[in-house]
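Residue numbers (our numbering), protein chains in the order written: chain A, 1 to 322; chain B, 323 to 695.
Simulated from the structure, these hints should not be mistaken for laboratory data. Glycine residues also receive a C-beta, built at the ideal position from the N, C-alpha and C atoms. Hints should not be assumed to be uniformly reliable.
[Said to hold, decoys possible] Now the in silico label distances, taken between C-beta atoms and shown as ranges:
#1 Leu329/B <-> Ala187/A: 20 to 26 Å
#2 Phe86/A <-> Phe348/B: 19 to 25 Å
#3 Gly378/B <-> Phe86/A: 37 to 43 Å
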Amino acid sequence: MNNSLLVVVLASGVAYGTPLLYGALGELLAERSGVLNLGVEGMMLVGAVMGFWTVQRLHADTALSLAAAVGVAAIAGMAMAAIHAFLVITLRASQIVSGLALTIFAGAAGLSSYLGNDLNLADNPARHAFSAAVFPASMQRLPVVGPIIFGQNVLVYASWVCVVGVSLYLSRTRLGLNVRAVGEAPASADAMGINVTAYRYAHTLAGGAFAGVAGATFTLAITPQWVSGITGGAGWIAIALVIFAFWRPALCLVGAYFFGALQALSPQLQARGINLGPTELWANSLPYVMTVVVLVFVSASGARRRLGAPASLGLPYVREER
Amino acid sequence: MRIERRLRQPRWLIVAVPAGSLVFAFFAAGLVLYATGHNALSSYRQIIDAAFLNSGALGQTLTQATPLAFTGLAAAAAFRMRLFNIGAEGQLFMGAITADAAGLYLGGHGWPTALVIFAMVIAGCAGGAAWALIPGALRAFFKTNEIITSLMLNYVAAYVLTYLVFNTESYWRQTKGFNASVFPTSKTLPNDALWPSAMIHVRGGIALPLGAGIAVLVAFLLWFLFTRTRFGFEAQVLGDSPRAAQYAGMRTRRKILAVMGISGAVAGLGGASQVGDFAHMLDADPNGLQKQYYGYTGIVVAALARYNPLAVVVVAFLIGALQNAGNTLQGADFPSGLVGVMQGIILFSALGGELLVRYRVRVGRTMPATEAA
């Protein structure tokens, strides 16, 4: 039963969906504070390369190496996000162009590739990687829930904690409510005495940290090695996922696993000799096409506001011009 | 220190800021090189040699600059109206697919070369425009954010391109011959469908591809359209203030569709030029069209040219030179990825420099009452 197509696809969907989930959670935090960061792909790739570098060069036991690697990846992602934050918050640059610039700067033909090649990281497997054997084998053999829930690595379980944490933060804490105020109506938030600039900086940086961890998920868990452009566009899907999930953390999780499962579908169908037409084409394109379709629904009259797009997303806040 | 909005943007700053960005970018990238243990000065000398001075270097720079001029013009045309068409990448792929089909079919049926090329140009424009009109129509009729939709369609176009050559026996795929059965590849264009180039006999010969000429022509047309016609004026107003445009009775939907269509057509033309001028096949090799990121780099070009079509041509040449140097030099002294790093820094500094164009940084506390904007 655990070898049935559905269970296998769902189990790998959770694994493939985890970087999407981390990336989307980070982008959600930034966007809720009003900052659109299209540089997720670039931040992820730098996180991926720096996390991998840490594991290769740090001489410590597995647990410590991996913990340090995730930390370094988060810091690397934050450093990338800091460039974007400085440009769009302090210098009031266009958020769209700046985010794209970040992806070009850091992305597959930029800094991440430069670092990976310069540090000679290619062609070696990771010295340590996150193992999927966290729970005893007997639990992993349970029908259905075994592989899907108990057969995952620590990063997957940590992402669940993050979903709950971000969700509670935004809906139940004073700070989280302030973030939403900053994203919806920065002028009113400013009048209430909330420091709009500080909130936007903090959440853009937090978004970068999440993106860095998302990148490390690729190089330390999914395919424990480094190749240039290893994320393969996951950063863009993460951005789309935030819209797909109507800016809600719990829905990000559902969307991430759905998109992850789509990714797992095509190789599984091929391995089982099931022919559903040009599978590579439609299964790979489906996440992108579905995002477009969902966007159309989200943007239809009035729905955008009702479903939670932050009202001043993408707009710089200048106190003198409010 | 305070920052206030300028009432007028001085002309000299509009040139000085992008130029300053370039200088700053070379300085900042030099720091990156130095920090990672490379000699920045010798790297830069190699860049200049490989981009301009070596035998055949200028020709290769033109090869890189031509597609960037098309994608840069595509981005500039749309961004001028604040329509953020990030989809030049996918539109270029689509233009390449349609132009390749036209070249394969008509070139193989004995049409005269001029007609085949004309048909490829039209087909490329149509393919790119059609792909751009998907996000364009969604924006016009459902107010759907065109940034994400055009971007998502890039990936779909890339999968279509890969599919046509690798995963199916399509019209574009080479199916005959021993090599084709071992390694999937696309059909080569017949001779009648190859685009001509003009040779200039200096420095080992520089081939001026037809596409480069078309790009310059398109730049002039776009410049005329956006600065000298009612259409361009209305597009500008729509970009600056959609509400004012609406009150003035301008047709928003029609304009969005037209500008997205033009933008996509220019990107598609870039795809046609790729096929006709350079690759001579659809070229979906993993190291081919999809690894060049022409569409995304075009945005760098357009932003640095401040969306002025004529400036795009100049900037495309400079960025093309950088790309060419990056491709040629890749190795120990010149780690791959350096070009992207430099392009990113150039764009960052141009963006930061915008602040100086739009705002005045004033040191001191007093503020003249007359200048309250």
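Each hint, compared with the structure:
| no. | hint | result |
| --- | --- | --- |
| 1 | Leu329/B <-> Ala187/A: 20 to 26 Å | holds, 23 Å |
| 2 | Phe86/A <-> Phe348/B: 19 to 25 Å | holds, 20 Å |
| 3 | Gly378/B <-> Phe86/A: 37 to 43 Å | holds, 41 Å |
In this structure, every one of the numbered hints holds.
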